[in-house]
Amino acid sequence: MEVEPLVIDAKGMHYTPLNKMIRAAVASGVKEIVLNNVLGQRFIGNGLRGDAKIIINGVPGGDLGMFMSGPECEIFGDAEHAPGNTMDKGSLIIHGSAGDAVAHSMRGGKVFVEGNIGYRGGIHMKEYEDKRPILAVGGTSHAFLGEYMAGGLILVLGIGHEPAVRDRGIGSGIHGGEIVIRGDVNDKLLGVGATKVLFTEDDLERLAPVIEEFCERFDLDSSSFLDTNYSRIIPSSSRPFAGKYTWD
Amino acid sequence: MSLGSVPLKYKISIDREQCMKCMRCVDNCSYGVYRVEDDKILIDSRKCTACHRCMSMCPRDAIMLQEKPVDYRSHPLWTAEAREDVINQARTGKIILAGMGNAIDYPIIFDRLVLDACQVTNPSIDPLREPMELRTYLGKKPAKLEFTKNNGDVELSTKLAPNLKLDTPIMIGHMSYGAISLNAQLSLAKAVAKTGTFMGTGEGGMHDAIYPYQDHMIVQIASGRFGVDINYLERGAAIEIKVGQGAKPGIGGHLPGEKVCSDVSCTRMIPLGSDAISPAPHHDIYSIEDLAQLVRSLKEATNWEKPVFVKIAAVHNVAAIAAGIARSSADAVVIDGFRGGTGAAPKVFRDNVGIPIEAAIAAVDQKLNDQGIRNEISLIASGGIRNSADLAKSIALGADAIYIGTASLIALGCRVCGNCYRGLCPWGIATQRSELVERIDPQVGSQNVANLINAWTLELSELMGAAGLNSIESLRGNRERLRGYMLDEGLLNVLKVESVGA
Numbered sequence: 002m003e004v005e006p007l008v009i010d011a012k013g014m015h016y017t018p019l020n021k022m023i024r025a026a027v028a029s030g031v032k033e034i035v036l037n038n039v040l041g042q043r044f045i046g047n048g049l050r051g052d053a054k055i056i057i058n059g060v061p062g063g064d065l066g067m068f069m070s071g072p073e074c075e076i077f078g079d080a081e082h083a084p085g086n087t088m089d090k091g092s093l094i095i096h097g098s099a100g101d102a103v104a105h106s107m108r109g110g111k112v113f114v115e116g117n118i119g120y121r122g123g124i125h126m127k128e129y130e131d132k133r134p135i136l137a138v139g140g141t142s143h144a145f146l147g148e149y150m151a152g153g154l155i156l157v158l159g160i161g162h163e164p165a166v167r168d169r170g171i172g173s174g175i176h177g178g179e180i181v182i183r184g185d186v187n188d189k190l191l192g193v194g195a196t197k198v199l200f201t202e203d204d205l206e207r208l209a210p211v212i213e214e215f216c217e218r219f220d221l222d223s224s225s226f227l228d229t230n231y232s233r234i235i236p237s238s239s240r241p242f243a244g245k246y247t248w249d
Numbered sequence: 002m003s004l005g006s007v008p009l010k011y012k013i014s015i016d017r018e019q020c021m022k023c024m025r026c027v028d029n030c031s032y033g034v035y036r037v038e039d040d041k042i043l044i045d046s047r048k049c050t051a052c053h054r055c056m057s058m059c060p061r062d063a064i065m066l067q068e069k070p071v072d073y074r075s076h077p078l079w080t081a082e083a084r085e086d087v088i089n090q091a092r093t094g095k096i097i098l099a100g101m102g103n104a105i106d107y108p109i110i111f112d113r114l115v116l117d118a119c120q121v122t123n124p125s126i127d128p129l130r131e132p133m134e135l136r137t138y139l140g141k142k143p144a145k146l147e148f149t150k151n152n153g154d155v156e157l158s159t160k161l162a163p164n165l166k167l168d169t170p171i172m173i174g175h176m177s178y179g180a181i182s183l184n185a186q187l188s189l190a191k192a193v194a195k196t197g198t199f200m201g202t203g204e205g206g207m208h209d210a211i212y213p214y215q216d217h218m219i220v221q222i223a224s225g226r227f228g229v230d231i232n233y234l235e236r237g238a239a240i241e242i243k244v245g246q247g248a249k250p251g252i253g254g255h256l257p258g259e260k261v262c263s264d265v266s267c268t269r270m271i272p273l274g275s276d277a278i279s280p281a282p283h284h285d286i287y288s289i290e291d292l293a294q295l296v297r298s299l300k301e302a303t304n305w306e307k308p309v310f311v312k313i314a315a316v317h318n319v320a321a322i323a324a325g326i327a328r329s330s331a332d333a334v335v336i337d338g339f340r341g342g343t344g345a346a347p348k349v350f351r352d353n354v355g356i357p358i359e360a361a362i363a364a365v366d367q368k369l370n371d372q373g374i375r376n377e378i379s380l381i382a383s384g385g386i387r388n389s390a391d392l393a394k395s396i397a398l399g400a401d402a403i404y405i406g407t408a409s410l411i412a413l414g415c416r417v418c419g420n421c422y423r424g425l426c427p428w429g430i431a432t433q434r435s436e437l438v439e440r441i442d443p444q445v446g447s448q449n450v451a452n453l454i455n456a457w458t459l460e461l462s463e464l465m466g467a468a469g470l471n472s473i474e475s476l477r478g479n480r481e482r483l484r485g486y487m488l489d490e491g492l493l494n495v496l497k498v499e500s501v502g503a
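The listed protein sequences correspond, in order, to chains A and B. Counting with my numbering, you get residues 2 to 249 for the letters of the first sequence. Counting with my numbering, you get residues 2 to 503 for the letters of the second sequence.
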C-alpha cells in the first residue's frame, strides 16, 4: 500500500517536536516527508535511520542530518553549521550554500552542496571498508578544506570561481582520502601534510559517476566537467605524526 | 660528536643460587631483557622498564631490580632526569612522549586533608548493623517537585531528567579499546556490571564483545569521532563528550598506526594501520554555544533518553568553564585533574599543564552553588584517586562520584611502569599483541577489579559511619568534615576548608 507523503508546516516549531513527528512518520512507514517554512530548526533528521526522503523547504539550522543513517534530505535553501556532521549513511542534497564544518567527521553517505561552503569543510571525514563518504561542492570553499581528513572524497567544482579555491590550509593534517579540485591549485594553499598529484584518466574514470550524479541533481551539463582538468590532493603520509615523538 | 649512552634506568640481577632456570622470566619479558645462551640466562638491563612482570612470575624470588644504579654528580636543579631529557632531545629534536600520569613531585593536596570522626557528642554509626546509603544518582535534579492530587492520590507531575543509578560512587574512567586490550576492557566491564556501577568506553567505539555489558557503559564521543554512529550512541547508558583530559589538557590524541590492528580498526571504523588522530578541539565546538549544540544534538539523536556528560581537564578557569557547561543541557561535568593517567602524552604536558583535582572539585562545586545551579549538573572527579580516602575527600569537597583509571589497571597487574605507549605491555593491558593480551583472563581480572571497588566501598562506609553519616548525600560537599593540615591560607580558601585545630 502506498503511504501518502507527510507535509509538515514547521513555521515557529521547536526542533524536538518536529523531529519527533519525523521519527513517528518514518516508523509508521511514511517514505516521503515535506517540511515547509523551515527556519533555523537544528538537528533535522538527527540519528534517523531508514530510507525515507525528506524535502526541506527553507533554511534548516545546524547539525542537519547529524548521525543520520540512511535517509535522503533535499534542501531547497541554504544550510547552516555542520550539515552531515558524523553522518553514517544517506544523503544531503543542498540547493544552496552551507556554513562551516560541512560533513564534519562524516563516515559514509553523500553531502552535495550546489553553492559554496564555509571553513573546515569535510574536516576529519573518514572511511572504513565500503563506507566512503563524499562531499561535493558546486561553488567554492573557505580555508581548511579537508583538514585532518582520514578518508573519503571531497570534490570542489568551483563553478563561477576562478580559481576554484583561493583559501589556504587545504588538507591540513590530511592522512587519508582525497580532495579533488577543479583546475589548478596554488601549492601555497596546501596545508601541512598535503601533497598535490596529477589527476589522471584513471581518476576521471573513477570519479565520473560522482560528477555525473552531482550534475544530474543540480541540472548541470556534466560533459563540461568530464575531463582531467582537476588537481588531486592526497596525504603525503598515512602517519603524519609518526616522526614527531621520542620516547621518555 | 656522539653523546654516548646515558646510565641505565634500572639494573636487573639474578640470584644465581636461587634461580632454577625455569625460564619464566625469559618467556614473560616482552621488552627482551632476558635471553638464553649456553644454558645461561643473560640480562640486558637497558631494556628493563621496571614492569615487575618477571619478578612476579619468578617462583624463587631470584630477580632483583635496582632503580638508578648509576649516580650522577648530585645537583638540586640539574637532576638526572633534566640532564637525560636534554640529551634525548639533543639527539632527536623531538617531543618527548611519556606514559601514565604526572611524574613531578608536586605536593599532594589529598595527603594534606584529614577526615573527621565522631567522639562523645554525636554517636558514630556501625555500618555492620546500620544501613549505609551509597546509592548515587548522576544527572539533573529538579529544582522543585510538583504533584497533582487526584482523589487522595498524589502523583508526581514534574518530569524527571534521566539519571544514572550507581550502587557505589566509584566508576571506571574512559580507557579506549586500542589504548588498552580487549581482555583488559572486558575485565573492567564485567567488574562494573558486578558492582552496579559504570565505566567509559574511551574514544574507540564499542567492541561487540562488550555489548553484553552495554547497560554499564558510558560511550564517549571525542574530537576524532572514532566508532561513533547512532547504534553506538543508543547502546550506551550515558554519553560523554570528551573535551579534554587531565594528562594532556589542550591537545588531542594520536593512536599510533601500530596499535590499529584489524579488530581495533573495525571497532573504531578506520583503516588498518593508519594513525587514529583526534584533533585538539572538537571542530564543531568553538564556543560554549557550540558545546550546547553538540549536547542537544546527542540528546535529540537519542530521544532525550540518555544523560550527556562533558569531560574537561582541570585548568585554571575550571569553575567558570564548568558553570558554562552546566548551562548547556549537559547532565554531568567530569573534571579530570592534572594527575590523570594516559597511554601516551607529551611529557611536557603530562607534567606541567593543568591543576590538581582537589582544588578543581572544590572550585567547581562552590561556583555551581554560588550560581544556584548545582542541582542542574552532577560533578564527577578523576585524576589521581588512589584509595578510599581520596574518594571520601573528593566527595566531601563536592564531587558526586569519581572515575578511577590507573587504580583499576593496577588491579589487573599494571605496575605503573609508564611504558604504555610502546604497545608491549607484559601484563596484557596496554597492548594489542595477542600473546600478551591472552595473559589476562577476564574472569580473574574482573574479580580483582570488583574486589577493589568493593573494598573501597566498604572503607567508604566505615569512614562515613565513623563520621556519623549514613548517606552519601550527607558527605557530599560537606567540607566541615575536612581539615587542612599544613595547607596555606590561599589554598584553604579555595578548598573552603578550615585548618586543623580550627
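Keep in mind the hints are simulated off the structure, nothing from the lab. The structure presented is a predicted model; accordingly, all values stated were derived computationally and were not measured. Built from N, CA and C at the ideal position, the CB exists for glycine as well. It is possible that some hints are incorrect.
[As the list claims (entries may be wrong)] Computed footprint of chain A on chain B; a stretch qualifies when at least three of its residues, placed anywhere within it, have a C-beta under 8 Å from a C-beta of chain A:
1. 24-34
2. 86-100
3. 250-260
4. 300-313
[Stated by the list, open to error] Calculated pairs, DSS-like style, for lysine-lysine (alpha carbon to alpha carbon, straight line, at most 30 Å):
5. B:Lys145 <-> A:Lys245
6. A:Lys21 <-> B:Lys145
7. A:Lys245 <-> B:Lys10
8. B:Lys69 <-> B:Lys48
9. B:Lys10 <-> A:Lys21
10. A:Lys189 <-> B:Lys95
[As the list claims (entries may be wrong)] Computed list of chain A residues with no C-beta within reach of chain B, every gap over 10 Å:
11. Leu7
12. Gly116
13. Lys189
14. Val193
15. Leu199
16. Glu202
17. Leu205
18. Asp222
19. Ala243
Hints, verified against the model:
Check result for the stretch 24-34 of chain B against chain A: violated, 0 residues qualifying (beta carbon to beta carbon below 8 Å, three or more required). Look at the stretch 86-100 of chain B against chain A: 10 of its residues bring a Cβ nearer than 8 Å to a Cβ of that chain, three or more, so the hint holds. Counting residues of the stretch 250-260 of chain B whose CB lies closer than 8 Å to any CB of chain A gives 3, so the stated coverage by that chain holds, three being the minimum. With a threshold of 8 Å between beta carbons, the proposed coverage of the stretch 300-313 of chain B by chain A holds, since 5 of its residues qualify and at least three are required.
Annotation: proposed proximity of Lys145 (chain B) to Lys245 (chain A) is violated, straight-line Cα distance about 54 Å (limit 30 Å). Distance hint between Lys21 (chain A) and Lys145 (chain B) is fulfilled; the C-alpha atoms sit about 27 Å from each other, no more than 30 Å. Taking the CA atoms of Lys245 (chain A) and Lys10 (chain B), the gap is about 24 Å. The hint holds against a cut of 30 Å. Among the hinted pairs, Lys69 (chain B) with Lys48 (chain B) is consistent with the structure: their alpha-carbon atoms are about 14 Å apart, no more than 30 Å.
A C-alpha spacing of about 61 Å is found between Lys10 (chain B) and Lys21 (chain A), which places the hinted pair above 30 Å, so the restraint is violated. Between the alpha carbons of Lys189 (chain A) and Lys95 (chain B) the distance comes to roughly 26 Å, so the proposed pair stays at or under 30 Å and holds. Non-interface call for Leu7 (chain A) relative to chain B: holds, since the shortest CB-CB distance, roughly 19 Å, exceeds 10 Å. Gly116 (chain A), annotated as away from the interface, keeps every beta carbon of chain B farther than 10 Å; the closest lies near 21 Å.
Once the 10 Å rule is applied to beta carbons, Lys189 (chain A) is consistent with being away from chain B; the minimum gap is 23 Å. Non-interface call for Val193 (chain A) relative to chain B: holds, since the shortest CB-CB distance, roughly 13 Å, exceeds 10 Å. Even its closest Cβ contact with chain B, about 24 Å, leaves Leu199 (chain A) beyond 10 Å, as expected for a residue assigned away from the interface. Every beta carbon of chain B lies more than 10 Å from that of Glu202 (chain A), the smallest distance being close to 26 Å; the non-interface claim holds.
Listed as outside the interface, Leu205 (chain A) is consistent with that label: its C-beta sits roughly 24 Å from the nearest C-beta of chain B, beyond the 10 Å cut-off. Every beta carbon of chain B lies more than 10 Å from that of Asp222 (chain A), the smallest distance being close to 35 Å; the non-interface claim holds. Once the 10 Å rule is applied to beta carbons, Ala243 (chain A) is inconsistent with being away from chain B; the minimum gap is 7 Å.
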